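Chain order of the listed sequences is U and R. Each residue of the first sequence is one higher than the last, beginning at 2 in the working numbering. Each residue of the second sequence is one higher than the last, beginning at 14 in the working numbering.
To be clear, the hints were calculated from the coordinates, so they are not data collected in a lab. Worth double-checking, as some hints may not be accurate.
Across the chosen pairs, the derived CB separations fall in these ranges [as the list claims (entries may be wrong)]:
| hint | chain 1 | residue 1 | chain 2 | residue 2 | range |
| --- | --- | --- | --- | --- | --- |
| 1 | U | Ser-113 | R | Thr-72 | 51 to 59 Å |
| 2 | U | Leu-103 | R | Gln-107 | 34 to 42 Å |
| 3 | U | Arg-259 | R | Arg-84 | 54 to 62 Å |
| 4 | R | Ser-126 | U | Leu-123 | 55 to 63 Å |
| 5 | U | Arg-49 | R | Met-76 | 51 to 59 Å |
| 6 | R | Gln-50 | U | Ala-63 | 48 to 56 Å |
Which stretches of chain R does chain U cover? Using the computed rule of at least three CB atoms under 8 Å from a CB of chain U, they are [what the hints assert, rightly or not]:
| hint | stretch |
| --- | --- |
| 7 | 63-73 |
| 8 | 102-112 |
| 9 | 116-125 |
As the structure is a prediction and not an experimental result, all values here were calculated from the model. Glycine is no exception: its CB is placed at the ideal position from the N, C-alpha and C atoms.
The lines below spell out each chain.
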Amino acid sequence: MSLSIWDAALIAVKAITYAATLGAAGAVFFLGVCGALVAREDILRIRRFTVALAALSVFAGAAQVLVSAGSMRGGAAGMADGVLVQMVLQAGPGLAIAVRALGLLLAVLGGSSGRPTWWACLGAATAATSFAWTGHARSLDPDVLPILLVSVHLVAAAGWLGALAPLLIVARDGDLPRIGATAARFGAAAVYAVAALVGAGAALLWMLLGDFTALWSSAYGRYVMLKLALVACLLCAAAFNKLRLTPRLLAGDPDSARSLRASIRLEMVLAGLILAVTATFTTVAGPPSLG
Amino acid sequence: MRKARLVAVVAAMVVIGPAFGHARLLGTSPPADAQLQAAPKSLTLNFNENARLAILTLTVGGMVIPVAVDRSAPAAREITVSLPVLAVGTYQVQWSALSPADGHITKGTFSFSIVGPPR
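Bound-form chain U, shown alone (with noise of 0.2 Å):
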């Protein structure tokens, strides 16, 4: 079958939601790890740019459920059938907005003065783990463990790339030892994350492949496949940022926050990119488990 403009459109819309949903409960756990390092102006740009990211991917969730009931009558006519519009909120992803309205109102309402409060903290996680509601793992049975796996693989992906874009709006102030600091306790509790992403990633992946050959032999595998090597490279980027730089900024070096920033906008890029494949075969393939 061939990708329709209608469902490229349902991919990005994914990809933006998925984008600004964990870019929004990053930058919550961002402040609450690193908040007391931030400046005061920069606290206040990372709110704004917390209210922007919710609002976007509210948005966006109801844009992806109308571009999934054009998708399905192949033309403009499905986003105004409303018969169309209420199976696709049953199916899952009605649920799944109201969730992450709520996490990220919680979010956002926590955050709005001082570090973020513990209900804010958890509002952000409700937010990132509502694409649990939906997606492959909701077919598998029992569902209890892949959902849980999902979740912890969605907050920590929300606490490591959600929190590359205050990272760098902190790397843009000049304020060398506030920079250094920042970066080395991110780069602390990162490796948690990572840990985290990594370790249930590949727990989930081996739910949902069910024999180690389906990576190359089925269209799922390959998209896994591409993802990984994009995950692979960040990994690179980000190990590069906290061995090599976040020492030399530390030290003082003028040139290190330049060279921070640069890799910064770098780890965004393949993060843009991991979600674009992600949000592509969760939309097109079929995990080879669910046959």
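Once you've looked at the hints, dock chain R against the given chain U.
For chain R alone, coordinates are given in the frame of chain U:
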């Protein structure tokens, strides 16, 4: 340069190959590419898991044949729709369904022909 990168990414995704998962269609009645001597009274789609049929369009020679789809019907592995009286010809079936378990859209097309009784 940016356009070249975008084209490369899109090309990589297309080469990897869309498969449109699930629910997956296991078979149909009449089967795809069937040559029937008599017009079928109904059309059945069999899925690997429960699905809700959203759209089913039947065309012959570019002309749409009205078919009633009960979109309020509960999800099922086997979905049957009644067909009007069909004349000799090659019919195209375009369908899309939704998996209630995970919200994924599945769609496809197939055709069958009514050739009439043997002479």
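Hint-by-hint comparison with the structure:
no.: 1; hint: U:Ser-113 / R:Thr-72: 51 to 59 Å; result: holds (56 Å)
no.: 2; hint: U:Leu-103 / R:Gln-107: 34 to 42 Å; result: holds (38 Å)
no.: 3; hint: U:Arg-259 / R:Arg-84: 54 to 62 Å; result: holds (57 Å)
no.: 4; hint: R:Ser-126 / U:Leu-123: 55 to 63 Å; result: holds (59 Å)
no.: 5; hint: U:Arg-49 / R:Met-76: 51 to 59 Å; result: holds (56 Å)
no.: 6; hint: R:Gln-50 / U:Ala-63: 48 to 56 Å; result: holds (50 Å)
no.: 7; hint: 63-73; result: holds (count 3)
no.: 8; hint: 102-112; result: holds (count 4)
no.: 9; hint: 116-125; result: holds (count 5)
Going down the numbered hints, you'll see the structure goes against none, and every one checks out.
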